[in-house]
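Peer 1: Chains A and B, in that order, are what the protein sequence lines are.
Start counting at 1 in the first sequence, then tack on 10, and there's your number in the numbering used here.
Start counting at 1 in the second sequence, then tack on 1, and there's your number in the numbering used here.
Just so you know, the hints here were simulated from the structure itself, not pulled from any lab data.
Backbone N, C-alpha and C fix where the C-beta goes; we use that ideal spot for every residue, glycine too.
Treat the hints with caution; some may be incorrect.
Stated by the list, open to error - Derived, one-sided and incomplete: chain A residues facing chain B with beta-carbon distance under 10 angstroms: (1) MET11; (2) ALA13; (3) SER105; (4) ALA143; (5) TYR151; (6) ASP157; (7) PHE164.
Each chain, letter by letter, is given below.
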Amino acid sequence: MKADITLLLEGTYPFVSGGVSSWVHQIIRAFPEWRFHLVFLGSRREDYGPMRYELPANVVGLETHYLFEPEPPPPLEVPEPPPPVMGQVEALHESFLAGVPPAQAMLRMAAMFPTLLEGQRLTRDHFLRSRAAWEFVCNRYRRFCTDPSFVDYFWTVRIMHAPLWKLAAIARTLPASPVFHTISTGYAGFLGALVKARHGRPLILSEHGIYTKERKIDLLQAEWIKDNRNVFQRDPTEVSYYRSLWIRFFEWLGRACYDAANPIIALYEANRQRQIQDGADPARTRLIPNGVNLARFRPLRDQRPARVPPVLCLIGRVVPIKDVKTFIRAMRRVVNVLPEAEGWIAGPEDEDPGYAEECRNLAASLGLTDKVRFLGFQKVDELMPKIGLTVLSSISEALPLVILEGYAAGVPTVATDVGSCRQLVEGLTPEDRALGPSGAIVGIADPTALADAALALLTDEARWHATSRAAIARVETYYADHMMFDAYRQVYRQAMEQH
Amino acid sequence: MAGIGFELRKLLARNTLGGVLQAYAYAGMIGSGPWVLSIIGILLVGVLGSGIVVPPSLITQFQTTVTYLIATSLILTGGLQLAFTRYVSDRLFEKRDELVLPNLHGLLGLVLCGAAGLATLIMATLFEGVSFAYRLLVVMSFTELAGVWLLAVLLSGLKRYKAIVLLFAVAYSLVVGLAYAFAPFGLEGLLAAFALGQLVLLAGMWWTVAQAYPSPRSVSYHCLHRRTFYFSLLFAGTLYNLAVWADKFLFWAWPDTSEPVIGPLRGSMIYDLPVFLAYLSIVPGMAVFLVRIETDFAEYYDKFFTAVREGASLEYIQDMRDEMVYAVRQGLGEIAKIQFIAVLATFVAGPSLLAWLGISSLYLPLLQIQVVGASLQVMLLAILNVLFYLDRRRVVVALTAIFFLANTLFTAVTLKLGAPFYGYGFAIALLLSVALGLILLDRKLDRLEYETFMFQ
Numbered sequence: 011m012k013a014d015i016t017l018l019l020e021g022t023y024p025f026v027s028g029g030v031s032s033w034v035h036q037i038i039r040a041f042p043e044w045r046f047h048l049v050f051l052g053s054r055r056e057d058y059g060p061m062r063y064e065l066p067a068n069v070v071g072l073e074t075h076y077l078f079e080p081e082p083p084p085p086l087e088v089p090e091p092p093p094p095v096m097g098q099v100e101a102l103h104e105s106f107l108a109g110v111p112p113a114q115a116m117l118r119m120a121a122m123f124p125t126l127l128e129g130q131r132l133t134r135d136h137f138l139r140s141r142a143a144w145e146f147v148c149n150r151y152r153r154f155c156t157d158p159s160f161v162d163y164f165w166t167v168r169i170m171h172a173p174l175w176k177l178a179a180i181a182r183t184l185p186a187s188p189v190f191h192t193i194s195t196g197y198a199g200f201l202g203a204l205v206k207a208r209h210g211r212p213l214i215l216s217e218h219g220i221y222t223k224e225r226k227i228d229l230l231q232a233e234w235i236k237d238n239r240n241v242f243q244r245d246p247t248e249v250s251y252y253r254s255l256w257i258r259f260f261e262w263l264g265r266a267c268y269d270a271a272n273p274i275i276a277l278y279e280a281n282r283q284r285q286i287q288d289g290a291d292p293a294r295t296r297l298i299p300n301g302v303n304l305a306r307f308r309p310l311r312d313q314r315p316a317r318v319p320p321v322l323c324l325i326g327r328v329v330p331i332k333d334v335k336t337f338i339r340a341m342r343r344v345v346n347v348l349p350e351a352e353g354w355i356a357g358p359e360d361e362d363p364g365y366a367e368e369c370r371n372l373a374a375s376l377g378l379t380d381k382v383r384f385l386g387f388q389k390v391d392e393l394m395p396k397i398g399l400t401v402l403s404s405i406s407e408a409l410p411l412v413i414l415e416g417y418a419a420g421v422p423t424v425a426t427d428v429g430s431c432r433q434l435v436e437g438l439t440p441e442d443r444a445l446g447p448s449g450a451i452v453g454i455a456d457p458t459a460l461a462d463a464a465l466a467l468l469t470d471e472a473r474w475h476a477t478s479r480a481a482i483a484r485v486e487t488y489y490a491d492h493m494m495f496d497a498y499r500q501v502y503r504q505a506m507e508q509h
Numbered sequence: 002m003a004g005i006g007f008e009l010r011k012l013l014a015r016n017t018l019g020g021v022l023q024a025y026a027y028a029g030m031i032g033s034g035p036w037v038l039s040i041i042g043i044l045l046v047g048v049l050g051s052g053i054v055v056p057p058s059l060i061t062q063f064q065t066t067v068t069y070l071i072a073t074s075l076i077l078t079g080g081l082q083l084a085f086t087r088y089v090s091d092r093l094f095e096k097r098d099e100l101v102l103p104n105l106h107g108l109l110g111l112v113l114c115g116a117a118g119l120a121t122l123i124m125a126t127l128f129e130g131v132s133f134a135y136r137l138l139v140v141m142s143f144t145e146l147a148g149v150w151l152l153a154v155l156l157s158g159l160k161r162y163k164a165i166v167l168l169f170a171v172a173y174s175l176v177v178g179l180a181y182a183f184a185p186f187g188l189e190g191l192l193a194a195f196a197l198g199q200l201v202l203l204a205g206m207w208w209t210v211a212q213a214y215p216s217p218r219s220v221s222y223h224c225l226h227r228r229t230f231y232f233s234l235l236f237a238g239t240l241y242n243l244a245v246w247a248d249k250f251l252f253w254a255w256p257d258t259s260e261p262v263i264g265p266l267r268g269s270m271i272y273d274l275p276v277f278l279a280y281l282s283i284v285p286g287m288a289v290f291l292v293r294i295e296t297d298f299a300e301y302y303d304k305f306f307t308a309v310r311e312g313a314s315l316e317y318i319q320d321m322r323d324e325m326v327y328a329v330r331q332g333l334g335e336i337a338k339i340q341f342i343a344v345l346a347t348f349v350a351g352p353s354l355l356a357w358l359g360i361s362s363l364y365l366p367l368l369q370i371q372v373v374g375a376s377l378q379v380m381l382l383a384i385l386n387v388l389f390y391l392d393r394r395r396v397v398v399a400l401t402a403i404f405f406l407a408n409t410l411f412t413a414v415t416l417k418l419g420a421p422f423y424g425y426g427f428a429i430a431l432l433l434s435v436a437l438g439l440i441l442l443d444r445k446l447d448r449l450e451y452e453t454f455m456f457q
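Using the sequences and the hints, build the whole thing.
Peer 2: This is the structure in C-alpha cells:
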C-alpha cells in the first residue's frame with residue numbers, strides 16, 4: 011500500500027526505546043488518517059534486539075538497513091570512473107575548504123546527487139577500487155593530513171564515505187511518497203536530501219537533540235580514532251586530525267540535510283539557534299515543542315493534600331547523565347533545614363547498576379537512608395499528587411517530558427540550566443514570560459543552589475502556589491499535545507499540498 | 002628463503018672483500034648445494050663404477066633411471082612443496098609452531114603412499130622383463146625422493162639451509178661409497194646404494210624437523226583444509242617442474258635424439274650431458290640471486306609492509322617501494338652480469354672442458370646455448386621469487402604455464418628443425434618467460450601501493 015509519509019529513522023524507533031522513539035510512536039498514532047512507511051538505518055544488525063514497539067496499524071511498511079554491516083568486496087579490477095565525474099568530486103571537496111562560502115559546496119553537492127543516485131558513473135566499486143580514487147585519496151593526504159599515518163587516513167576516509175553508496179542505493183529503491191520526514195540529520199538526513207533530489211517531494215526535518223553536536227561529543231570521546239602524532243607533533247589544544255575529519259564530515263552531512271529540508275523543526279529555542287549556527291536557513295526553522303496529554307493529568311491537581319507535600323522527586327533513569335548524586339547531596343542540605351522533607355528517585359536502575367550502587371552508598375554515607383528513597387520505576391499518575399517538586403539535576407537534556415507532566419499536574423520544577431529547561435521555567439516569548447516562573451533554574455553540579463531553590467519554594471506556601479499556577483498556565487498554553495499534533499498536521503498538510 | 006638474508010647481511014656488513022666473497026660463497030653453497038651435490042654424486046658413481054660394473058651400459062641405465070626418478074618425483078611433488086612451504090610459513094607467522102610436525106606427518110604419509118602406489122603401478126605395467134629387484138628399488142627410491150623434496154623445501158622454509166647442505170653431502174657421499182661397494186652387483190647394486198642414501202637423507206631431514214618443532218600431536222591434515230591450502234601454489238609448483246623438464250622429456254622421446262636404455266626409459270646421449278654441465282654454470286648466478294633478493298629486496302619488502310601496517314607516511318611507503326624496485330633491478334642486473342661471465346667462460350673453456358671429459362666437441366654449440374638457457378632460468382627464478390614475496394600467485398601460475406607451453410612447443414619445433422637448433426627451444430622459451438615476467442613484475446611493482454591499499 012502506498013504510504014503518505016515516509017519516516018527516516020537513524021538508530022531509533024522501533025528498535026531502540028527512548029525519548030525520541032516514544033515521540034515517533036506518539037506522532038504515528040496521532041495521525042491514523044495517514045499511512046506511514048518507516049526506514050530504519052542502523053549500524054550493524056547485531057547491535058539491535060527485537061522491536062521495542064508494537065507498530066500501529068497505519069504503518070504500512072518497515073525497511074531496515076545497516077550502514078556498517080560488512081558487504082561483499084567488489085571485484086579487484088573495476089573500470090575507472092569517467093574523468094568529468096572525478097572532476098566534480100574534486101571540485102566538491104575543494105569547496106569544503108575553509109574560506110569557500112558553504113552555499114557553493116551545497117550547489118556542487120546537489121549537482122552530484124544525480125550521479126550518485128544513477129549508480130553508474132560513480133559507484134562504490136569506483137570508490138573502493140579504482141586508480142582514480144586512489145590518486146584522489148593520496149593527493150588529499152599529501153595536501154591536508156597533519157597526522158603522519160597514511161594507513162589510518164586511508165581507512166578513516168573509506169569507512170566514513172562507504173555508507174554514502176549504501177544510502178544512494180536505499181534512495182534508489184525507496185518508494186515515492188508525498189512527504190519524507192527525517193528525525194535527525196546525519197546519515198538519515200543525508201538520505202532525506204537524496205530522496206528529495208530523486209522524488210522532488212518535500213523533506214521535513216525534526217531534530218530532538220542536535221545530531222552533529224552529539225556526534226562531536228561521541229567522536230571526542232571515541233577511543234577508536236587514532237592519533238599518531240608524537241609528543242613533539244601534538245598540540246594538546248588541537249583535536250586529532252581524524253577526529254576533525256569525522257566532525258567535518260558530519261557537519262557537511264548536516265548541512266546537506268538543512269539545505270534540502272523545509273521546515274527545519276527544533277524542539278526548543280536554544281536548539282533552533284544551534285541549527286542556524288550549523289547552517290540552517292533561519293526562515294525555514296521553526297519550533298514545535300513536545301506536548302503532554304492534559305486530560306490525563308488535570309484530575310491529579312485536586313488529589314494533592316491541602317498542605318503541599320515536602321517531597322522532591324527526581325523522575326528518570328539512574329544514570330550518570332542525570333547526575334543523581336548532585337540531587338542526593340542537595341537533599342542533605344534540604345533535610346538540614348526542613349527535617350520532614352524527603353527526596354524520591356523514581357526510575358529504573360538496571361541501565362547502569364554500578365552507578366545506582368554508588369548513589370545508594372552516597373545516600374547512606376550522608377545519613378539519608380530513610381530520607382532519600384529509591385523507588386524504581388513508578389507510574390507518573392500515581393506519583394504526581396504525592397510530591398511537591400519535580401527535580402532535574404541532569405547535565406544534559408533536550409525537552410524533558412517530566413517537567414511538562416509535572417506542570418500538567420500542577421507541580422513546579424527545579425531544574426539545571428540545560429536544554430530547554432530555562433525556556434520551560436522562565437518562558438520564551440514576552441507573553442510566556444509574563445506568566446511568571448514555573449519553578450527555578452540552577453547551575454549544573456551545584457547541590458547548594460539546588461537545595462536553596464527547592465527550599466525557597468517548599469517553605470513559602472504562597473510562592474509555591476503562584477509557581478504552580480504559572481506552571482499550569484504555561485503547559486496549557488504552550489505544551490499541550492494537541493498543539494504539537496495540530497502543528498505537525500499543518501506541517502504535513504502543507505508538504506503534501508506542495509507541487 | 003627469507004632468513005638467509007640475516008646471515009648474508011652480517012657477512013656483507015663487514016664491508017671487506019673477504020666478507021663479500023664469503024657471503025657469495027655461502028649463498029652459492031646454500032642456493033646450489035643440494036642439486037650440485039646430486040649431479041656430482043651421480044656422475045661420480047659412474048666414474049668410480051666404470052671399471053667394476055660390467056657391462057658399462059649398466060651405468061648409463063643407472064644414471065638414466067636416477068634422472069627419471071628425480072624428474073618425475075619433482076614434478077609429482079613440486080606443487081605440494083610450494084603449498085606446504087606456504088602453509089608452514091603462515092603458521093610460523095601466527096606463532097603456531099606446534100602445527101608443523103603433525104602436518105608434515107600427515108602430508109608425508111599421503112605423499113609416500115601416493116608415490117609408492119604410483120611407482121608400483123608403473124613398475125608392474127610398463128617394466129615387464131626388467132628384474133624384480135630393479136623394480137622394487139625404483140619404487141623405494143621414488144617414494145623416498147618424493148619425501149626428500151617435501152622435507153627439503155620445508156627445511157629451507159624453516160631456514161635450516163646448512164642442515165640441508167650437510168645432509169645432502171652426507172647422503173650423496175654414502176651413495177658414492179655404497180655404490181663403490183655394491184658395484185659388483187651391477188645395476189641393482191648401484192640402485193640399492195642410491196636408495197639407501199636417500200633413506201638416510203629422508204631420515205636425517207625428518208629428524209632435523211622433529212628436533213626443531215616438537216609437537217604433542219603426531220598427525221594432522223590441517224594443511225589440506227580449503228582455507229589453508231593454496232591451489233594456485235599447487236599449480237605453480239607443478240607447472241614449473243613440468244616446464245623445467247619438458248625439453249628433456251621431448252629429447253628423450255624423440256627417436257632421432259634418443260635411444261632405449263631400460264624398459265620404456267629412453268636417454269638422450271647428445272642432450273643430457275650438456276644440460277647437466279650447463280646447470281653447474283649457474284652456481285654464481287644463484288649466489289648473486291640469493292644475496293641480492295634475500296638481503297636488499299627482502300629488507301625493503303619488510304620495511305614497506307611494516308610502514309603500511311604501522312602507519313608511516315605515504316612518502317615513506319613510496320620510498321620503500323622505490324627501494325624495492327631498485328633492489329630487484331640491481332639483483333637482476335647482477336645476475337645478468339655474472340651469468341654473462343659464465344657464458345663467456347663456457348665459450349672460452351668449453352672445448353677443453355669437453356675434451357677433458359672425453360665428450361665430442363660436436364656438443365659444444367649445445368653446451369653454449371644451454372648455459373645461456375640455464376642463466377635465464379636463474380633470472381626467471383629470481384622474478385618468480387619476487388612475485389612470491391608480493392604474493393602474486395596468479396601471475397606466478399600464468400608465468401609458469403607460459404614457460405611450460407613455450408618450452409614444449411619451441412623444443413618440439415627445434416627437434417623438427419634439426420641438430421643445429423637443439424637447445425634453442427629451451428633458451429627461447431626462457432627468454433620469452435623472463436621478458437614477460439619482467440613486464441608483469443614491473444606492472445605489479447608500479448601498482449604496489451595502490452594494490453596493497455585498494456585491493457583489501
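Peer 1: Each hint: holds or not?
Peer 2: These are the hints, each one checked on the structure:
1. MET11: Violated, because the Cβ-Cβ distance from MET11/A to chain B comes to roughly 44 angstroms (cut-off 10 angstroms).
2. ALA13: 40 angstroms, violated
3. SER105: 24 angstroms, violated
4. ALA143: With a minimum Cβ separation of about 7 angstroms from chain B (threshold 10 angstroms), the hint on ALA143/A holds.
5. TYR151: Holds: closest Cβ of chain B sits about 6 angstroms from TYR151/A, inside 10 angstroms.
6. ASP157: 8 angstroms, holds
7. PHE164: 6 angstroms, holds
Taken one by one, the earlier hints fail for this structure at numbers 1, 2, 3, listed in ascending order.
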